[in-house]
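**Q** Chain by chain, the residues:
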Amino acid sequence: MARPAGAVAVPSRRTPRTPGPGVDVPTAGALLVLAALVGVAVLAGVLASYAPREVAGPPLATPGPRLPLGTDELGRDLWSLWIYGTRTSLLLGASVGLLSTAAAAAAGIASAGTHVFARIVSAFTELVAAIPVFLLLVLTMALTGPSLGALVLALSTCGWAVFARVVRVQTRVELQRDFVAASQALGATPVWVLRRHVLPQLAPLLWTKFLLTVRWAVVVEATLGIVGLSDPVRPSWGSVLGSAFSYPLLFAGDVWLRWAGPPALSVALLTWSCTAVGELAAGTGGRRNGDARGSAALTGSWGAVRELALGPSRRGIPEGSVEKKSAGWAAHGRV
Amino acid sequence: MRAMWGTAATRGLLLGVGVLVANFAVPRLLPGTPLTAPELAPLPSGARQRIQAEYLLDRPWTEQFAHYLRSLARGDLGRSLVSFRPVTQVVGERVPWTVLLVLTSWTGAVVLGALLGTLSAVTERGFRRRLWLSALVFVGSLPEFLVASLLILTFSVWLPLLPASGAPHPPYTWAQVARHVFLPVVTLVVSATPTFALLSRDLVGAVLREPFLLAVRAKGACSWGVLRHAWRCVLPTFLTLAGLRLAGLVTGAAAVERVFGYPGMGSLLFDAVLQRDYPVIQGVFLLGSLLVLTASTLLEGVARWLDPRVR
Amino acid sequence: MRLVAWLVALALAAPAGSQEAAVRIAWWTDVGFPTPFSFSTVGPGGVVRLTLLYDSLLWKDDRGLIPWLAESWRTSSDGTRYVFRLRRQVVWHDGRPLTARDVRFSFAYFRRHPFRWVDLSVVRAVEVQDRETVVVELARPFAPFLENVAGVVPVIPEHVWGGVEAPERRQSLEVAVGSGPYRLVEYRPELGFYRFVAFAGYFRGRPVVREIQYVVVPPARQVLAVQTGEVDLAMTTAPEVVDLFRGHPYLRVLATEPLSVGRLVFNLEHPLGGRKLFRQALAHAVDVPDVANWVTRGSGIPGNPGVVRPGDPWYTPRVRRYAFDPVQARRLLRSLGYEDRDGDGFLEGPDGTRLVVEVVTSAARETEPLLRSLLRVGVDARARVVDPPTRAQLAAEGRFLVLYTTHVGAGGDPDYLRTWFSGEEANAFAAGTVLRTPEFQRWARLQAEAVDPAQRRRAVYQLQRVLSEELPTLVLFYRPFYWVYDSRKLRLWNTRGGLLNGIPLVENKLLFLPGTR
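Top line first, the protein sequences correspond to chains A, B and C.
Under numbering that gives the first Met the number 0, the residues of the first sequence are numbered 0 to 334, in order.
Under numbering that gives the first Met the number 0, the residues of the second sequence are numbered 0 to 310, in order.
Under numbering that gives the first Met the number 0, the residues of the third sequence are numbered 0 to 516, in order.
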């Protein structure tokens, strides 16, 4: 069976990965788009012409003065809804990303140390994996009501456990290195070791995890909005899409373009830019053996899973067993 | 070897127990039941008493749980609290539709992904490939409702070729069913293909760099031959990993099913949650997991059989 | 290329034949197996579909009650005794004749296994005088009896249901035997698919439409489905559909009477909700015509505090009115101890806590205009968005102050004025908390028991007046349903007062029978 890519150095077949940030045109575009979206979110108050829930005109109005996109069925300005929706969705994505990544990092590093903790994490992971996330979210929303805060917490809970395992594997890999043992012999504390050796190597992984979680959270929020479970108080891409899709005559005229178009396009753009920037993030500071990192960036934990599947031969780590594969794969599609 | 099986078995058992408990507890944590909510399904007193008696709904949780386990052992999954039909029937009639949707989508995505991935692994590297790869990943990470809506727009509104709803109705001619199922399948295939494409790309790419294959190529074997060799090595792993994605599709297709109105287990679960139909919720989880377990075991068996290492 | 062409041809090949002969109707959900014991009560779709399979003693057309299974009837002068003379030659789907015994059996059976759309507690006894004569004795006079009971209760065959103990579990084609114009031939629960085939032996003649099919289409795409020809009849509440199909060669839109109502339900057991002044204050605080206009986008009528819709035959204008008057609202709230003590624009109670009114709803968007209205008066109004089961739980347990609900049934016989507030309403969405004021109870009882029509009318008018005073509910709007249909296959009209008791659906079986408009 295939041996790990790292063990066989075949330079000629590999795209020469530049050690520094390889910014080419698409990636630059993605950075711009991401920056633009963040800018819109920050400057929402300036860009929007109306307050989030303010009535701007007659319902379902066509574009006119001060109403570049027209209004929805409650008479609210679609342009302002989109602007404020960007802010809400990005905030949601960022919060979930932060919480999720931090939890994954902490749990992963902690479980690299002790077996017990690792067992707990893996048990939790498998339990969560057994219940489909989407349905779990529906249940949670039914329990707590569709508030943004509850959604953030729920999404963070679902997203961290699997990646914690990836972090754990990576941490252990780093800890096995000779120079770590050497520095420990020289009297370095675990914290120092963590800061100097482990975290820098984890950084690309964590960055990609963050960006992909943002992407995932925004998409899930939008999907929940479609089925009517978005927070009614704050407009978000999901709630605008939800209201659009519940309008029975959405596809009858051109209103779908003005109503569902902007949030849908934004979700797509955010998805793309997060992916591309994630790739960039993985490229920087990556090790020489960057291929695995590259893949990791492209598909997040999937790349790490591939590594597990092919079996890293780093000393001390057992060959990728089916159980590891299953954990990683169960995660895929979510993060 | 035995130790591995032992721990796997215990883990499986614990997982099973955990799932059972969660299965039982979660629906009951939700506010509102069909009985206490007269608005939802006002039951005539006779039916109400019958259900109360059968499910011990006014008894403490521990009694309910024991009763639940006992019925499970008998294979009795109870009756729907909304339609009064046996849960096995309610879930069972959705199984063929789910199987149709999931199997078709998964197979399609696997085949397409394998093709695309292999193509990507053997062709030129560079800017065009990276662009193409990015496009693929982008499309795959689009939310499914977006893909679904675009498809509906294209095929139901602009070119009225296909029906707007995914629920087929009799007469079940192949053409009829195909027309209704087409769009949901395409949606799922679009979402799942990139994953498999990348998977196969990496697997095949890694294998192609192996010394023994280089030797085969040096000996002058044609590219088809090389690919065949490569795939023989890769197939078991590929199938195993692809099979794990199957689990997600069974109930994860819920959103797609909802958008299209497709009669699968995902939308059944969704509706059951909305109506607090405990027995059906539990039944879907149970039967769904059973389905997935069967499928992945089969798949793993096939993979092991194919694996040249095992022989 | 060949392959593509073949695929396209496959795609375009609609199932031939069956589409022409059948009328296909879209509905948003499955409605359960169509017997009186297992049909779904989530929405009116289920009970209406029953009427294709089963008949009742009376029926309704576009002008009112008409004889159906009963070709004539007599009422005693005290209103407690009804003698129905049944039509001859009525047969069940399996060929057996329908007799008075079946009618007696139906009433008796429904006492033990209640039919969820009708309250039969008022029926004391049912006797068979001869093969075609049934006598129904009531415990007390019941004015809505003919429309709400005789016009709704489905007559079921004794030879099928006699001795059956758990009728809701019997769900097979063999038990779906009725006397109605259609037979159930196929039912697929997971698809919500129904196939009804015309019953040749129907007493009004074989139905003109040979086959009726029901398919489930998600509500947001029902209109699309009619446009593409997938279905021939679908419903929407969006008024824009009228303009959309104006001038269309064959698709038409029928607006029903505005029988769907949106209203606020007050919890009369709540310390604040139980105060009449509070309810009246809110009535002044809500700009009802504005809210009605926003939610229905011009298709609805503003709500009437007396509950009955303007335009309804039982409507009276002599009820208390609540003009949109924020000043008056604040005055009333001040008399309860709520005023703006700290100048923040919101009202606070004597202890300084803000007045927060939480509106429990499942339709967040529809309550937006309402909340806006209340906010302008200084009431901190918020929506508590919950899903329907949770809302039902909160309603059942009385854990709410104000609840927003929409439902059908605001038409037909005015007895709903009583049932909505006495805990007897069959349409669960329509139920409210119980109003115990003696005046209400007196008039409610009087109108239900009045024998003389003029007396009843007076009582109904008084009831409206009392309701407008007490305000157990604040009606916001009445709106119609819009039915989009293929006029080449169907000719639609509105049943007067709605099907059964105020349901704005159009599947009146008369549509499909020969000899009707």
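Bear in mind the hints are in silico, worked out from the structure with no lab data behind them.
Backbone N, C-alpha and C define an ideal beta-carbon position, used for all residues, glycine too.
Among the clues, some could well be false.
Unchecked claim - Listed next, with one range per pair, are the computed distances between beta-carbon atoms:
id, chain 1, residue 1, chain 2, residue 2, range
1, C, P316, A, S146, 41 to 47 Å
2, A, L97, B, G17, 52 to 58 Å
3, B, G91, C, R320, 53 to 59 Å
4, A, T113, B, P169, 24 to 30 Å
**Q** Indicate, hint by hint, whether the structure satisfies it.
**A** Evaluation of the provided hints:
{"no.": "1", "hint": "C:P316 x A:S146: 41 to 47 Å", "verdict": "44 Å, holds"}
{"no.": "2", "hint": "A:L97 x B:G17: 52 to 58 Å", "verdict": "29 Å, violated"}
{"no.": "3", "hint": "B:G91 x C:R320: 53 to 59 Å", "verdict": "58 Å, holds"}
{"no.": "4", "hint": "A:T113 x B:P169: 24 to 30 Å", "verdict": "60 Å, violated"}
Checked against the numbered hints given earlier, this structure breaks hints 2, 4; the rest are met.
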